[in-house]
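Given only the sequences and the hints, what does the whole structure look like? Please build it.
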Amino acid sequence: MAWTKNVLRVNLEAGTCTTEPLNLQWAQDYLGQRGLATKYLVSEIDPKIDPFSPKNKLIFVTGPLTGTMAATGGRYSVVTKGPLTGAIACSNSGGYFGAEMKFAGWDMVIFEGASPKPVYLLINDGKAELVDASHLWGKTVWETEEIIKTQHQDPQIRVASIGRAGENRVLYAAIVNDLHRAAGRSGVGAVMGSKNLKAVAVRGTRTDAYHLADPEAFFAATEAGKKVLAANGVTGQGLPTYGTQVLMNVINELGALPTRNHRDVQFEGAHDISGEAMHEKRPTDGKANLVTNGACFGCTIACGRISRMDPGHFSVKDKPQYHGASGGVEYEAAWALGAANGVNDLEALTYANFLCNEDGFDPITFGATVGAAMELYEMGVLTEKEVGFKLPFGSTEAMVKLAELTAKGEGFGKIMGLGSKRLCTKYGHPELSMTVKSQEFPAYDGRALQGMGLAYATNNRGACHLRGYMVSPEVLGIPVKMEPQATEGKPAMLKAFQDLTAVVDSAGICLFTTFAWGLSDIQPQIQAACEGDWSEERLLLVGERIWNLEREFNLAAGFTAKDDNLPPRLMKEPAKTGPQKGAVSKLGVMLPEYYQLRGWTPEGVPTTETRKRLGV
Amino acid sequence: MQKSLHIDPNKCTGCLQCEMACAWENHRSFTIAKSRIKVFTFHHEGRFVPYTCTQCDEAWCMTACPVDAIRLDPVTGAKIVLEPTCVGCKVCTIACPFGTINYVASSGKVQKCDLCGGEPACAKACPTGAITYVDADWTGLGRMRQWAGKTDTNPATV
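Residue numbers (the numbering used here), protein chains in the order written: chain P, 917 to 1532; chain A, 111 to 268.
One should not assume that every hint holds.
[Said to hold, decoys possible] Where chain A lies over chain P, by a calculated footprint (3+ residues, C-beta under 8 Å):
| hint | segment |
| --- | --- |
| 1 | 1207-1214 |
| 2 | 1454-1461 |
[Unchecked claim] Computed cross-link-like contacts, DMTMM-like style, restricted to lysine to aspartate or glutamate with a CA-CA straight-line distance of at most 25 Å:
| hint | chain 1 | residue 1 | chain 2 | residue 2 |
| --- | --- | --- | --- | --- |
| 3 | P | K1142 | P | E1184 |
| 4 | P | K1142 | A | E229 |
| 5 | A | K121 | P | E1246 |
If you are wondering where the hints come from, they were derived from the structure by calculation, not from laboratory data. For clarity, every value in this text was computed on a predicted model and none was experimentally measured. We treat Cβ as the ideally placed atom computed from N, Cα and C, and that holds for glycine.
The following block contains the structure:
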């Protein structure tokens, strides 16, 4: 079967690494990755604990399709109680790290306790040990990865680590692997920092780590899947050419691009920071920002952006370490670092994105927090004296400076590291924080796209676009076209998306496959890899079970239906321009229906019957 | 017609489907550590380069082998390792100028690309056409065509 059936338990306090068999019943109930690790976390920690308490646990987890030839089969997730939200956190990453973990023979690594001194975990197939990391503390992600590979004389080691942001407990610190792929959201990197765990370094060479249930059926199913991806306009053309940045101009024209802390829904500088612009030759040096597209492990889509900056740009003029190519801006990062604060300088965005990768912090929450700070500054609430420099909307210099300060944890960067909810609350305007459950919105306006508004409000990890991507029906017409302002049918569609996404996130593959793949494309791949009967009905039930388990964790942590809400700006301030002009969120219309469809009480609590049906 | 692997790094995205296909073909496992083709990432240049044995005509690995464990496959032109004969002395790994023949500790033998008997799994798995299996005498055909297309046969009338 496609699980290695091995769990590595690392007690950071005692400094021990022990092996235990995977709970196979849970694998049958929760599939893998997101679902399975959530089950472990929920079973092992008190939901009410402080996320930075040693009692919190941090789980690195793969799925049954991770490390296989299934297209995009290289994902892993990090599951913990998140410090930004206080809710369940599950951040998914690509790159090559997840597959290596699987090849070393591990489905999951559970970190518990906190180490008395900085350490990193070194895994060499079945051998795992904690190694002193005092020489790595204070280093960036980029430095850490290089030092570990050099030190062990093995360039094939894969590393996932935190930078200074994680060490400084920036509440949205990320864990970055392979230099520029990140378990990006909810502050999983800060939890890692709180445990004095600098990195996880893995080398996997086992050929017997796991076995496919039916190799012949597996190749038939995965090859069919690859053909579907190649033939699809989004996964076969749009994403390889423009990356997720294919969306910038589309979303802007639709009037759904949140701009200047959601004051506006269209950005006049959208084209300057778009995927198309990344292809254009710069007037300064005649070269394009984009060097090439790159793939994560096993991915036949290859949406990743590899960018090279203009070495003459003010932000990097005397910093040759940023003159080489590295991970460029994806749509969410370009939006957050750009439109969210009114900055239209693609080179500056690329630099700030490099910093987010280099020191490990989430560009979405960071950029949105810059937008909130700029609004506070323009209102006169936040002053130049406090920040150290002027902070008007659209100031490239200010955005860049804040990125540098946040990376290093210096000056006003310390406040920035708290995220917009705490920033705005500190200055007396919590309503200006564009968040749900204290996590910042990504790049789609919840007024302009009603379904996305509902998706944000009900998301178990706070506002995010990766748990029920209603942009698909509302903008792209996948699987059916739904008008952005309509509410009818959206709660049902969202529920279906949320459950399906939970399956995808638990399988070891990338959510982006679902632009082309339906469950009927995914099911045969899981079926051929895993033992047992994995019908579509059962998979959707697994997805629903995962969604409800996450919900139960949050309810036990103290969240209520009141937290399934949107900021007043989206509820009351109409969209000013564009096709969605006049729109406010109709959340109140959709939420009761959503609860009902979920089998929850009007208070948003799963009924006894629902709990029984799902076995949660 | 003899064929050979043709690699166009500009088309490679670093997805490693080729490495998995190779490992599966020879080890029934996707563990890329066992692959005979490797994709190298030149991060700061933004380049991914697949690299494997080019099947030298005058194969130094074959010449250096003291037990004649490396033979020519007359059909494909591949230099193949006869595992039962190989004694794992590794002299071939020293002789090869390109590093494309390597020792496998778990078997005690060396391994190198054998063109999968004429149906290379890496080429089949490559989703972008970065690795193809083409007429050995015409590996330059694609590039020639590219330049031919730039030939101006209809000069501007200005």
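Okay, the hints, checked on the actual structure:
1. Restraint check on the segment 1207-1214 of chain P versus chain A: 8 residues with Cβ-Cβ distances below 8 Å, three needed, restraint holds.
2. With 0 residues carrying a beta carbon less than 8 Å from a beta carbon of chain A, the segment 1454-1461 of chain P misses the three-residue requirement, and the given coverage is violated.
3. With a C-alpha separation of about 38 Å, the suggested pairing of P:K1142 with P:E1184 is violated against the 25 Å cut-off.
4. For the suggested pair P:K1142 and A:E229, the alpha carbons sit about 20 Å apart, so the restraint of at most 25 Å is met.
5. Restraint check for A:K121 and P:E1246: satisfied, since their Cα atoms lie roughly 21 Å apart, inside the 25 Å limit.
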